[in-house]
Amino acid sequence: MPNKQSPDQLLTTGEIASHCRVTTETVVSWIKSGKLEACSTPGGRYRVSKRVCAQFLREYGMPVPEEWNIDPQDVSQHCDEEKIEMDQVVLAKAAIPELVEKLKKSHTVYAPVPRGKFSAFEEVRDGMTVELDYVTTILPPKKFVLPPREKLLEFSTADFSVKEPEPDPRPVAVLGIHPCDMQGILRLDFAFRRGEYEANYFNRRNKILFVGVSCNPDEYCFCDAVRSNNFDQGFDVFLTDIGQSYLVDVLTDRGKQVMAGIKTQPVTDIDRAEAKKTQDRCHTHPGRKMKPEASALPLLAKDGQDLELWEEIGKKCLACGTCNLVCPTCYCFDVRDDLELDLVHGKRERFWDSCQLDEFAQVAGGESFRKPRGNRQRHRFNRKFRYFAAEYGAPFCVGCGRCSRQCVAKIDIAEIANDLEKAVAKL
Amino acid sequence: MSPAETCRCAEKKLYVPRPARISRAEQMTAKEKFFELQFVDGSDLGHQPGQFVEVSMFGYGEAPISISSSPTKKSSFDLCVRATGSLTNAMHMLPVGSMVGIRGPFGKGFNVNELKGKDVLFIGGGIGIVPLRSLINYVLDTREDFGKVTILYGAKSPAELLFADETKAWTANSSVDFRVTVDRGDADWKGHTGVITTLISELNPNPDTTWAVAVGPPIMFKFVLLSLRSKHFRDDHVIVSLERRMKCGVGKCGHCQINSLYVCQDGPVFNYAQIKDFPEAF
Chain A
69 MPNKQSPDQL LTTGEIASHC RVTTETVVSW IKSGKLEACS TPGGRYRVSK
119 RVCAQFLREY GMPVPEEWNI DPQDVSQHCD EEKIEMDQVV LAKAAIPELV
169 EKLKKSHTVY APVPRGKFSA FEEVRDGMTV ELDYVTTILP PKKFVLPPRE
219 KLLEFSTADF SVKEPEPDPR PVAVLGIHPC DMQGILRLDF AFRRGEYEAN
269 YFNRRNKILF VGVSCNPDEY CFCDAVRSNN FDQGFDVFLT DIGQSYLVDV
319 LTDRGKQVMA GIKTQPVTDI DRAEAKKTQD RCHTHPGRKM KPEASALPLL
369 AKDGQDLELW EEIGKKCLAC GTCNLVCPTC YCFDVRDDLE LDLVHGKRER
419 FWDSCQLDEF AQVAGGESFR KPRGNRQRHR FNRKFRYFAA EYGAPFCVGC
469 GRCSRQCVAK IDIAEIANDL EKAVAKL
Chain B
5 MSPAETCRCA EKKLYVPRPA RISRAEQMTA KEKFFELQFV DGSDLGHQPG
55 QFVEVSMFGY GEAPISISSS PTKKSSFDLC VRATGSLTNA MHMLPVGSMV
105 GIRGPFGKGF NVNELKGKDV LFIGGGIGIV PLRSLINYVL DTREDFGKVT
155 ILYGAKSPAE LLFADETKAW TANSSVDFRV TVDRGDADWK GHTGVITTLI
205 SELNPNPDTT WAVAVGPPIM FKFVLLSLRS KHFRDDHVIV SLERRMKCGV
255 GKCGHCQINS LYVCQDGPVF NYAQIKDFPE AF
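Chains A and B, in that order, give the protein sequences. Numbered by this note's numbering, the letters in the first sequence go through residues 69 to 495 in order. Numbered by this note's numbering, the letters in the second sequence go through residues 5 to 286 in order.
Since the hints were made in silico from the structure, they are not lab data. Quick caveat, the model's predicted, so the values are computed rather than measured. No residue lacks a Cβ here, since even glycine has one placed at the ideal position from N, Cα and C. Among the hints, a few may not be true.
So, partial list: chain A residues that the calculated Cβ filter (under 7 Å) puts toward chain B [said to hold, decoys possible]:
{"id": "1", "residue": "195"}
{"id": "2", "residue": "198"}
{"id": "3", "residue": "223"}
{"id": "4", "residue": "226"}
{"id": "5", "residue": "432"}
Simulated pairs of lysine-lysine, DSSO-like, Cα-Cα distance not exceeding 30 Å [what the hints assert, rightly or not]:
{"id": "6", "chain 1": "B", "residue 1": "16", "chain 2": "A", "residue 2": "219"}
{"id": "7", "chain 1": "B", "residue 1": "37", "chain 2": "A", "residue 2": "415"}
{"id": "8", "chain 1": "A", "residue 1": "439", "chain 2": "B", "residue 2": "226"}
{"id": "9", "chain 1": "A", "residue 1": "211", "chain 2": "B", "residue 2": "78"}
{"id": "10", "chain 1": "A", "residue 1": "494", "chain 2": "B", "residue 2": "280"}
{"id": "11", "chain 1": "B", "residue 1": "16", "chain 2": "A", "residue 2": "370"}
{"id": "12", "chain 1": "A", "residue 1": "345", "chain 2": "A", "residue 2": "331"}
{"id": "13", "chain 1": "B", "residue 1": "17", "chain 2": "A", "residue 2": "439"}
{"id": "14", "chain 1": "B", "residue 1": "160", "chain 2": "A", "residue 2": "370"}
{"id": "15", "chain 1": "A", "residue 1": "478", "chain 2": "A", "residue 2": "185"}
{"id": "16", "chain 1": "A", "residue 1": "219", "chain 2": "B", "residue 2": "17"}
{"id": "17", "chain 1": "B", "residue 1": "16", "chain 2": "A", "residue 2": "231"}
{"id": "18", "chain 1": "B", "residue 1": "16", "chain 2": "A", "residue 2": "439"}
{"id": "19", "chain 1": "B", "residue 1": "280", "chain 2": "A", "residue 2": "415"}
{"id": "20", "chain 1": "A", "residue 1": "415", "chain 2": "B", "residue 2": "16"}
{"id": "21", "chain 1": "A", "residue 1": "383", "chain 2": "B", "residue 2": "112"}
{"id": "22", "chain 1": "B", "residue 1": "160", "chain 2": "A", "residue 2": "439"}
{"id": "23", "chain 1": "B", "residue 1": "17", "chain 2": "A", "residue 2": "211"}
{"id": "24", "chain 1": "B", "residue 1": "35", "chain 2": "A", "residue 2": "275"}
{"id": "25", "chain 1": "A", "residue 1": "219", "chain 2": "B", "residue 2": "112"}
{"id": "26", "chain 1": "B", "residue 1": "280", "chain 2": "A", "residue 2": "490"}
{"id": "27", "chain 1": "B", "residue 1": "17", "chain 2": "A", "residue 2": "370"}
{"id": "28", "chain 1": "B", "residue 1": "112", "chain 2": "A", "residue 2": "439"}
{"id": "29", "chain 1": "B", "residue 1": "17", "chain 2": "A", "residue 2": "275"}
{"id": "30", "chain 1": "A", "residue 1": "231", "chain 2": "B", "residue 2": "280"}
{"id": "31", "chain 1": "B", "residue 1": "160", "chain 2": "B", "residue 2": "226"}
{"id": "32", "chain 1": "B", "residue 1": "35", "chain 2": "A", "residue 2": "383"}
{"id": "33", "chain 1": "B", "residue 1": "37", "chain 2": "B", "residue 2": "226"}
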């Protein structure tokens, strides 16, 4: 028997990144620099054999997971393209309602529905209303992992008892998530794992099934500049628009269960070529570009921290906080108690908050540590491109463009980056 | 395996407070009240000097409060609370025996090992004496581990001076140089008058062996830091503790951030050298 390698002997860049606690981008850079040997799927995604990866980890003194430690004699180190194809199928667009109805039997399903110029993720009552071909949603899907208002505790002042809320037993499926928005959720994962692991967040988040879809870039988004156009990280299933159908990547076991029993067609080379064209739109769309390299932004933000530019932006800013609310990676929150009329029972809840509001950094004595609006804008910019960037290995901005698209004062984060680069060059 | 699933190890209940009972309470000034608390289950708080807790009153919410007692005091701990918001005002009304919730201790306290064998200059302004007291009492309880100990304490007026009994004992203690000042005296005030920096200028500390520990309002830091510099203190020999708005205490809510640092995790105690280039620090 030729020692053909089954797909489960292959690791995705995401799996390796997760193990090594680095970003997918870092793993890709290892591959590109030749440090880590990989093959590529017909759709252009990297796969690394467990054996090669284990060898690589040993070489660099990193721990090797038990299940990656495969006897080198057992498997070939080459990709088996036939087997990988089993993870890719073609699904007719007309079959989406059927997929939704199937999901609805076991999940509460959310998907984009048109709302004025944009769309909104809403609970799907009827599979026919789902519109996966959309520009962007008003709010990102972070509302599923971090609800705008979330109960942390129930309490009683009578006996001083405290109860943590029971999670909703019915699992949630979110359909039609764009790659940038999924990257946003992965960054929230990092934030709620960093330092203290927050079980509240992960108990909800880990139960959600994520079905992604390729996007329609507009003039505001810039995922290519922040390298957040990753199509196979975080999703259970990913749909790439190829005209009348979707090329479906089944990326997890949960994803396999979703697709089981749904009528699909095998993938052809033409489908793959179409899919690549769709996915390349992120690079080729003539939208507004953030000019500095993502990797240059932390230093630009640092060198430019005293520039007058921030004061100028502060003059425009209305401090309404919309940019924070619509950001897929903003997660700062306020905590408030809500006492019932009996003055005995109540709940402690957290709410989305905004660093653009004056009282955000105000202490009991009344002192506010980020009084000028320009300083608050500078803080937002630094949170996106500098403070967490080094630790996470990529910007905390995913380039979705929502903050710029929805800013009443027309403050554009990509333009801030461009202006900053120019101003720092003059220093 | 998604990145979210990598760390399921420590599912601590981050937001659940532990019940504690007020075992003693004493009005100290018009605005500040002293509370001694004991956990209902008898456990020890297990804190370091300089750390803080989130005090919880159901219906009012939570407030971050500095721990004022030294860890050498076991089975109970002290808080000194200024009535400024709804929770702190409500807490002032609580009779002895009442319950509050406690989360914590949180944050990085004073690194006592770093200070051992050194001369220590304490500088406390106003309510800044409250967190400082946790370290002062620790140093006094293990006095032989430290060199020369100087305590400077300033308040706006004599009526606002805290811990009157203890400061009397510090005055009487020959192993401590304790000096107090008020911005404005009253008819009965016979002591030093003037801002706290006037006390610093009286001293001649050895900058090689002395570490300064300063806690006070933002305006105090500006002048104290200038004053210490004029006494040739090295930046890394100056320790400060900073106040910020905090909601969670566990590095999530974002309110306490000073540039890239979370005061609730990386502080509230900082070495001045660590934060001097941070525009949002003072």
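Tested hints:
no.	hint	verdict
1	195	violated, 26 Å
2	198	violated, 24 Å
3	223	holds, 4 Å
4	226	violated, 10 Å
5	432	holds, 4 Å
6	B:16 with A:219	holds, 17 Å
7	B:37 with A:415	holds, 28 Å
8	A:439 with B:226	holds, 17 Å
9	A:211 with B:78	violated, 44 Å
10	A:494 with B:280	holds, 25 Å
11	B:16 with A:370	violated, 35 Å
12	A:345 with A:331	holds, 25 Å
13	B:17 with A:439	violated, 34 Å
14	B:160 with A:370	violated, 38 Å
15	A:478 with A:185	holds, 17 Å
16	A:219 with B:17	holds, 14 Å
17	B:16 with A:231	holds, 15 Å
18	B:16 with A:439	violated, 35 Å
19	B:280 with A:415	violated, 41 Å
20	A:415 with B:16	holds, 20 Å
21	A:383 with B:112	violated, 37 Å
22	B:160 with A:439	holds, 25 Å
23	B:17 with A:211	holds, 22 Å
24	B:35 with A:275	violated, 49 Å
25	A:219 with B:112	holds, 28 Å
26	B:280 with A:490	holds, 27 Å
27	B:17 with A:370	violated, 36 Å
28	B:112 with A:439	holds, 26 Å
29	B:17 with A:275	holds, 19 Å
30	A:231 with B:280	violated, 43 Å
31	B:160 with B:226	holds, 17 Å
32	B:35 with A:383	violated, 38 Å
33	B:37 with B:226	holds, 28 Å
Violated hints, listed in ascending order, are 1, 2, 4, 9, 11, 13, 14, 18, 19, 21, 24, 27, 30 and 32; each of the other numbered hints is respected by the structure.
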